[in-house]
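**Student:** One-letter residues, chain by chain:
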Amino acid sequence: MTTAATTSATDSGLRQTRLLETYGIWLVVLVMMIALSFLSETFFSLLNLTNILKQNATASLLALGMFLVIVTAGIDLSVGSILALAMVSSAVAAQAGLPWWAVLLVGPLVGMVCGALNGLGLTILRLPHPFIMTLGMLNIARGATNLVSGGVPIAGIDPQVRYLGQAEFDLSFIQDGAGLPVSLLVVAACVIGLWVMLNATPMGRHIYAIGGNPQSARVSGINVDRVLVWVYTICGGLAGLAGLLLIGRTGSAFPNAGLGAELDAIAAVIIGGASFFGGRGTVAGCIAGVIIMGLLRNGLNLMDVSVFWQQILIGFIIVGAVYFDVVRRRASFRI
Amino acid sequence: MHASTTSAPPILQARDVSKFFGAITALRGVNLQLMPGEVLGVVGDNGAGKSTLMKVLSGLFAPSEGEIVFEGRTIQMQSPRDSRRIGIEMVYQDLALAGNMPIHENIFLGREVQKPLLGLPLLNKKAQREMAQEHLNRLKIHVKSVDQNVEDLSGGQRQAVAIARATAFDAKVVIMDEPTAALAIKEVGKVLDLIHILKEQKVAVIIISHRMDDIFYACDRVMALYQGTNFAESSIANTSRNEVIGWIMGTKGNTTALAHDGMVQ
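Just so you know, the protein sequences line up as chains A and B, in that order. The opening residue of the first sequence carries number 0 in numbering that gives the first Met the number 0; numbering runs sequentially from there. The opening residue of the second sequence carries number 0 in numbering that gives the first Met the number 0; numbering runs sequentially from there.
Worth flagging that the hints you see were computed from the coordinates, not collected in a lab. In this text the structure is predicted, and so the values were computed from the model without any measurement. Any given hint could turn out to be false.
Taking lysine to any residue and the SDA-like style, the derived pairs with C-alpha atoms no more than 20 Å apart in a straight line are [said to hold, decoys possible]:
no., chain 1, residue 1, chain 2, residue 2
1, B, K114, B, G98
2, B, K125, A, L197
3, B, K114, A, L124
Stretch-level coverage of chain B by chain A, calculated; a stretch enters the list once three of its residues show a Cβ under 8 Å from a Cβ in chain A [as the list claims (entries may be wrong)]:
no., stretch
4, 110 to 122
5, 181 to 195
6, 240 to 246
The beta-carbon is built from N, C-alpha and C at its ideal position, and this holds for glycine as well.
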């Protein structure tokens, strides 16, 4: 009786700690939103909020893919370039007369192929760190992007292709001009899919195990190479999908799209509490990281703070977030 | 020497196993026999080939020459997955646990309990927790909760979890590499008692250890490797600590005095 009681007490204690660790970051989001609604009159309007969601849909997908890779203690520097290559490939395919539904598949497929190449290069060539392979892919995909597009933007994308990135469900009955962006639903579907995979399937647990202790994963009979190839393929596929959303939002495929986007994605993942050392972090935290960066940019814009200051601030926040991670790790090695 | 052949056949055998790494010979014509339910100690100096032999037996390395026989059949193992499938488990010296994951997930890592839904291979964490707890109870291992992350456990508890993982799926043979080397003294006894519990449950165990206390407390038989070859073996009842220490140093028939002299020189 007593032992059962103490067991359940420590169980609930454990769960509380873990809950706070997982969702504490959302308190930061909440505090930021409250602060911003006091600081700016326009912030808490439906129009502005949906705008934030739309602007950050692309960044969210890149960050989700990056998150998956970082959980395995890896890194993917090529997502920005893959996004651009997916965009121009889709546009070229559309110009070549492919039906719109086939054009929709081009971006994600190009992304998956690039991601799979990252994964295969990493595991077959046994390169010392994913940094190398994906740095290579950053250049290869960007170069291919400029080659395919001739270095100039390609406009004239069909409305069907633009639908996912541009369309909104009309919410003007609540507030004039407001709408629920379809891109938000795309992001939501990816979040749910990724959450289920990571938390409720063996594959997801293997991904965490590889990040925690690759040796342990290997001797447990997990095919580490195969899992890694999948992880980089999914990351690339999400970058391709992100490209599709960006085409929709901007209406053109521009070869400079996503320059430096990989660094924003890494920043969002780290701010969201994932450990750079792998094995730690949650999908919800990752999205919170994207929203924190989005809110920060949006709020500072509304308050007319220069973009230069915004960048400096984000820099400080990245360092602060990782310092927090370091402190937490030190605390967990207290034994 | 082989009185054992009169009773049950060995569960695991290495026959004339050699292992080369390039120009280096790690093992040369090594034989090993393990009886069902037996605890065998393997001793030897650093570089004697103990760890290599264990990695060959657990499928991590393929032997360059010779064969591995399990339950009377020659087996080819490509990876630890193959050895685990037939019931040979290894507990590594560095424990090979994922510290960022809970105890129950470590126990079932690579062999998760599943509850497919619409073709999706979903995990059954509830069953996994219960089965993990039952298994720990069976081995008399006490932890606060199977939801604790492994990194929050003491060294002895981690070793216990590693052993629990090795025995969770009806293992027939468990190989332990220096199971007590990294432990605080008060935790060593618990791990050795755990080996006794495994023996009661008819699991055959191979222990690699430098510690004579471990060998003489837990083992039925001891064999020594020296420079990659079989050097000597004996039942525990027919040998002494000093003789075994002599084997490790490559000398036979040592008396107490000689063994100590050998150590001083």
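**Student:** Decide, hint by hint, whether the structure agrees.
**Tutor:** Hints, one by one, checked against the model:
no., hint, result
1, B:K114 - B:G98, "25 Å, violated"
2, B:K125 - A:L197, "17 Å, holds"
3, B:K114 - A:L124, "36 Å, violated"
4, 110 to 122, "holds (count 7)"
5, 181 to 195, "violated (count 0)"
6, 240 to 246, "violated (count 0)"
Hints 1, 3, 5 and 6 from the earlier list are contradicted by this structure; the remaining hints agree with it.
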